[in-house]
Amino acid sequence: MELTRLLLILSTVAFMAGVVHAIAALRAGRWQENKWQFLPMAVGFAFQCAFLYLRGEMHARCPLTSQFEVFIFIGWCIVLLYFLVGATYRLSLLGLFTAPLIAILQTLALFMPDNPGSVKHVKMSVWEHLHAPLAMIAYAAFALACITGVMFLLQDHLLKKHRIHALFRQLPPIHHLSRAIMRMVALGVLLLAVAMMSTFKIHLPISTVKMTISWSILGLYTVILLLMWRHTLSARHTAWLSVLGFFVPFLSLWVVIGR
Amino acid sequence: MLLCLGLNHRTTPIELRERLAFAESKQPEAAQQIKGLPGFEESTVISTCNRVEIFTSCDHNNPEQGLAVLHDYLVNHFQLNPAQREALTTYKLSHADAARHLFRVVSGLDSMVLGETEIFGQVKAAYNVALKAGATGRTLNKLFQRAFSVGKQVRNGTNIQRGSTSVGSVAVDLAEKIFDLRQCRVLLIGAGEMSRTCAQSLLSRGAKSIFISNRSYDRAVELAKEMGGQALRFDEWEGALHDADIIISSTSAPHFVVKPELIEPVMRKRHGHSLLIIDIAVPRDVDPRVNEISEVYLYDVDALQAIADEGRRERERALALCEEIIEEQLRKFGYQEDSASGAALQREEDDNPVLPLTPRNS
Chain A
128 MELTRLLLIL STVAFMAGVV HAIAALRAGR WQENKWQFLP MAVGFAFQCA
178 FLYLRGEMHA RCPLTSQFEV FIFIGWCIVL LYFLVGATYR LSLLGLFTAP
228 LIAILQTLAL FMPDNPGSVK HVKMSVWEHL HAPLAMIAYA AFALACITGV
278 MFLLQDHLLK KHRIHALFRQ LPPIHHLSRA IMRMVALGVL LLAVAMMSTF
328 KIHLPISTVK MTISWSILGL YTVILLLMWR HTLSARHTAW LSVLGFFVPF
378 LSLWVVIGR
Chain B
38 MLLCLGLNHR TTPIELRERL AFAESKQPEA AQQIKGLPGF EESTVISTCN
88 RVEIFTSCDH NNPEQGLAVL HDYLVNHFQL NPAQREALTT YKLSHADAAR
138 HLFRVVSGLD SMVLGETEIF GQVKAAYNVA LKAGATGRTL NKLFQRAFSV
188 GKQVRNGTNI QRGSTSVGSV AVDLAEKIFD LRQCRVLLIG AGEMSRTCAQ
238 SLLSRGAKSI FISNRSYDRA VELAKEMGGQ ALRFDEWEGA LHDADIIISS
288 TSAPHFVVKP ELIEPVMRKR HGHSLLIIDI AVPRDVDPRV NEISEVYLYD
338 VDALQAIADE GRRERERALA LCEEIIEEQL RKFGYQEDSA SGAALQREED
388 DNPVLPLTPR NS
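One line per chain: the protein sequences are A and B, in this order. Take the position in the first sequence, starting the count at 1, then add 127; the result is the number in this note's numbering. Take the position in the second sequence, starting the count at 1, then add 37; the result is the number in this note's numbering.
No lab work stands behind these hints, which were simulated from the structure alone. All C-beta atoms in this analysis are idealised placements derived from N, C-alpha and C, irrespective of residue type, glycine included. Check before you lean on any hint, since a few could be wrong.
[To be verified] Think about it this way: if two alpha-carbon atoms lie no more than 35 Å apart in a straight line, the pair counts; the simulated DSBU-like pairs of lysine-lysine are:
no. : chain 1 : residue 1 : chain 2 : residue 2
1   : B       : Lys262    : B       : Lys306
2   : B       : Lys369    : A       : Lys288
3   : B       : Lys245    : A       : Lys287
4   : B       : Lys63     : A       : Lys287
5   : B       : Lys189    : A       : Lys288
6   : B       : Lys63     : B       : Lys306
7   : A       : Lys288    : B       : Lys245
8   : B       : Lys189    : B       : Lys245
9   : A       : Lys287    : B       : Lys306
10  : B       : Lys245    : B       : Lys306
11  : B       : Lys161    : B       : Lys179
12  : B       : Lys179    : B       : Lys63
13  : B       : Lys306    : A       : Lys288
14  : B       : Lys245    : B       : Lys161
15  : B       : Lys169    : A       : Lys287
16  : B       : Lys161    : B       : Lys189
17  : B       : Lys245    : B       : Lys262
18  : B       : Lys306    : B       : Lys296
19  : B       : Lys161    : A       : Lys287
20  : B       : Lys296    : B       : Lys169
21  : B       : Lys369    : B       : Lys189
22  : B       : Lys262    : B       : Lys296
23  : B       : Lys169    : B       : Lys63
[As the list claims (entries may be wrong)] Pairwise CB distance ranges, derived in the manner of DEER restraints:
no. : chain 1 : residue 1 : chain 2 : residue 2 : range
24  : A       : Thr349    : B       : Glu230    : 50 to 56 Å
25  : B       : Gln220    : A       : Glu129    : 50 to 56 Å
26  : B       : Leu358    : A       : Val147    : 21 to 27 Å
27  : A       : Lys287    : B       : Lys63     : 36 to 42 Å
28  : A       : Val382    : B       : Glu353    : 54 to 60 Å
29  : B       : Glu263    : A       : Ser343    : 33 to 39 Å
Based on the provided sequences and hints, a complete structural model is requested.
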């Protein structure tokens, strides 16, 4: 088996193990917020880093040359942001919700065609190097906003239905989650805006469909952000928006990367 | 030889407990006095609202003899009259049972509220007082250090402190899952005892301010003064809804006082800011349909009680594991299995008040 593929499988297994362990601990009422909860995520992340490093060396550029690599790169960005957000907002349970998404992304990637040898080496400017990674990190931020939105909706549901059990106690307060969603969306909008601005400096041809979709996603999330900032909608509705909104960038990956 | 003489909320009524409480400033002196009794080498006095306990190390061969000296000290120190002496019921423990008891106390297993955490700090403070007074030595230092480590292990390794066990603490837990309590404003409608307890729990955990509205304005003013809040006339509370994050309602009205028609416009103006309503009244003050409004979380007294009951059950389920940890730690500390029931306290009136014990390392 090819080394990069093996690394990817190991990384996926680590994330899955993290989910299984967390669910078992939660069910037994033994879940505790501590540094060990980060371990499966850290191991999975290390394998992701190794995979991306090898692919980057192979292409002599950021490994975003196929749908296969884009899925792994987004997964890597999500884990990176999870480490930052989890530590900052004490949302380590976010890992329980993040790990399955990464496992799904990577499992999907494993079934995608992968032919790294066919990638043409093209001379690229700094802007061309920056554009795609920045956009992918923005997508990862939207993914984390989506996951945090799911946590918000779950906590809201438990509070409404008076289901005060282990998961309720481990989930962060809804005002924390609400703030975390807004910050993730804001980060995503900022990064995607920079990525889109960089297209004005790019000389390589970019398809109109790709540009239209990317600008539309930026527009959509800017509107969501404004609605959050101005408190036009309730926190519950904005959580729904962050969850449903993510389907747009997620589904667009199939269109955008193909061009 | 390790001895413990004590009384607590289970053995002694409050009238006598308060008579026997050692004032904080008197504890070093008491520890010194006990250490100075013939045959006694070390002592620590624990005195809280629920318990008075004396832990000592002595060279008496017979534990009964040492415990009788401690009992007499207690009677004489507080100058108990014959009726009080008669009413005084203590538990007398030695060796492993004394150590086990301390481990259980520090872990919150012997507390009125199972698994409460305050006792840990209280025992630590009492030990530090005795340590500074020079009343402790090798035996008690080792015992208390081990007890603190057992207490931590029990709390971290089990669910003994998980969940809330009283209506007041459930209200606080719920509020903390919705708001930043430091920014929270509480509105009390009606001034029943339980609603007051809830409000006080919220204030003690950092709630920002409180408005109190009651049919009797004088009572509202009195309560507001007591809690450091603001009194409202009963016809003014609806106007305060916009500013409140938590409403605690306990009026004696026979009909719903808080209805969806009242809350819906309020929520529209709150721009998605959540509202927690705690309805302690029976019959209920708040129409249950209020819970269907987005961002409104309504809990009536039954819901709060059910959560508190579940919290208690969860702690009770954890009890067996806690006892296992304590027994294991006792063995590691050097005590063999001895009494049939590790948790049982031997009282003065028992046929065999002091258990025969065999410390491995004594």
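C-beta pair Thr349 of chain A, Glu230 of chain B: status relative to the range 50 to 56 Å that was hinted: Holds: the Cβ-Cβ distance is about 52 Å, inside 50 to 56 Å.
Run the distance test for Lys369 of chain B versus Lys288 of chain A: straight-line Cα separation, threshold 35 Å. 46 Å, violated
For Lys245 of chain B and Lys161 of chain B, compute the direct alpha-carbon distance and say whether it is at most 35 Å. 31 Å, holds
Between the beta carbons of Lys287 of chain A and Lys63 of chain B, is the distance compatible with 36 to 42 Å? Check failed, 52 Å falls outside 36 to 42 Å.
Regarding the pair Lys63 of chain B and Lys287 of chain A, is the alpha-carbon distance no greater than 35 Å? 51 Å, violated
Has the given pair, Lys63 of chain B with Lys306 of chain B, been kept, meaning a C-alpha gap of at most 35 Å? With Cα atoms ~57 Å apart, Lys63 of chain B and Lys306 of chain B exceed 35 Å; violated.
Is the straight-line distance between the alpha-carbon of Lys288 of chain A and that of Lys245 of chain B 35 Å or less? Cα-Cα ~27 Å, so holds.
Quick check on a hinted range of 21 to 27 Å for Leu358 of chain B and Val147 of chain A, using CB atoms only. About 23 Å separates the Cβ atoms of Leu358 of chain B and Val147 of chain A, which means 21 to 27 Å holds.
Distance restraint between Lys262 of chain B and Lys296 of chain B, which requires alpha-carbon spacing of 35 Å or less: 29 Å, holds
Does Lys245 of chain B pair with Lys306 of chain B here, judged by a C-alpha cut-off of 35 Å? At roughly 21 Å apart (the allowed maximum being 35 Å), Lys306 of chain B and Lys245 of chain B satisfy the hint.
Is it true that the CA of Lys245 of chain B sits at most 35 Å from the CA of Lys287 of chain A? 24 Å, holds
With the threshold set at 35 Å, check whether the alpha-carbon distance from Lys245 of chain B to Lys262 of chain B stays at or below it. 15 Å, holds
Hint violations for this structure: numbers 2, 4, 6, 15, 19, 20, 27, 29, all remaining hints satisfied.
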